[in-house]
Amino acid sequence: MDWQFLLASLTKIVVFVFLVTLPLVALTVWAERRVSAAIQDRVGPNRVGPFGLLQPLADGIKFLLKEDFTPSHVRKGFYWMAPALTMVPALMTCAVLPFGSTLFGEKMVIADLNVGPLFVFAIASLTVYGIVLAGWASNSKYPFLGGVRSTSQMISYEICLGLSIVPLLMIYGELNLSKIVYEQAENGWAMLPLWGEGWSLKGALLFIPVAISFVIFVTSMFAETNRLPFDLPECETELVAGYHTEYSSMKFALFFLGEYAAMIIGSGLAVTLFFGGWSLPFGWLKPDELHGEVGFLTGAIHIASFFLKVIAFILFFIVIRWTLPRFRYDQLMRLGWVFFFEIALANVILTALILWLVE
Amino acid sequence: MAIVVKRPKLKWWEHLYIPAIISGMRVTLGHFFQIVSRKKKVTMQYPEEKWDAHLPEHYRGAPALVTDEQGRERCVACQLCEFICPPRAIAIRPEEIPSDDKWAKVEKRPKKFDIDMVRCIYCGMCEEVCPEQAIFLRKDYAITGTSRDEMVHDKDRLYEIGGVRTGLVNKWNDLK
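Protein chains in written order, with this note's numbering: chain A, -9 to 349; chain B, 416 to 591.
Hint data in this document are derived by calculation from the structure and do not stem from the laboratory.
Honestly, I wouldn't trust all of these hints.
To be verified - Below 20 Å or equal to it, Euclidean Cα-Cα: the simulated EDC-like pairs (lysine to aspartate or glutamate) are:
1) B/K527 - B/D516
2) A/K2 - A/D102
3) B/K456 - A/D31
4) B/K465 - A/D31
5) B/K455 - A/D31
Required output: the full structure, derived from the provided sequences and hints.
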């Protein structure tokens, strides 16, 4: 392992995870509050800094300075471990997301793994341990119920999440996210097959299973990140605050940030799989080959394109949250197991049939 | 009697849930764009903009003592307001008006008149009970302080808020 690779990787980790994703988390919290305010005819935080943009900073300072209270009835070890266990996996999944083509001849992905989506699901499913531990170690009723709820919810929807992207993997025949993105840059995004090979009968037929996949994927993503309309693990009206009821100050902040980080990574994955990642529509400014050299400006445009799509997706998440009421728990389970599971399975078969018939 | 709620029979596309999401998002995004494009304005930016010009005549703000046209303090320290005050926010110590004073026949005036604004509930009973028309609820509502002591309005402060009030019944004037 040469030092150049190490240095490049370290730079990418620091810049992408700590200088871009974490500020994006803060920005998402701000956007959530401003957008929800506008939807409810309010104003939202607008005092700290221009347009209230420094509000997350003020919140962070408040979180750090508040008393970090540990109740006497909790299991200390697990109680301390839980917040870290929700935050760390969320940030770890950043590793395989290709957030740009190339810049200075360097691939704009931290780890160009050949098992991209599988890695994301494997790591993201660890988040459930954080929530279960938080619920259980808190040693009180509401966190316990919240923890139990979120366990069954996340495990149920992980299946749909995994199954929903199988058709895509069948179409691309590839598990490497960089290659999937390049494929989409050449032959049309999965959700917009309007150029290259996508603009054909095969592309049009394959759009049907892809659209079904997209709906299932996005809905499962809402359930996985515990967002409304599936935020039953922490629904205020029934469970006070769910699994993080007993947490205060920075430990609570870690849960909070972990949830938003998971949301950003989920958006990033959805953008990568369905909306062509960093690529521009109609193959504009596309590099000639996978990881082909592009100019600095083109590379920067690709990165900007990725983050623009992610931000658009996050706004979609936010608007959905403030539009839909919460599901009942049995409805949630029914939706996951009775509808999405079967539809996702049938979708795999449908994709296989289309691919077989068209060949 | 039990009421049977008839559930509407949904069409197949209504079962899909997606049309409901879209119509819901039309409502929320409608509000969103109305607010963002500043077509509709609901919120008043409080410290910069205030309702002060629109406060009704009967508004009950901070209680205050008043003086009249003759410059006489109207309070005669009868202590009825102190007696009626539900949260016991008022504390009065009366004193005798010296016999060489112009208003010696009034006999009594407050030496100390404290209203604890932490306790005051702005009920207006002091104004109602006052036989001398000496205490009124003004339109000041933002009463703030950094300590409990600061929140106690003493006699000087109360007269400062109250100011001069004209057109009151002057029963202590000399007969003409």
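Query raised in the report: Which numbered conditions among the earlier hints are violated in the structure presented, ordered from lowest to highest?
Result: Of the numbered hints given earlier, the structure breaks none, since each of them holds.
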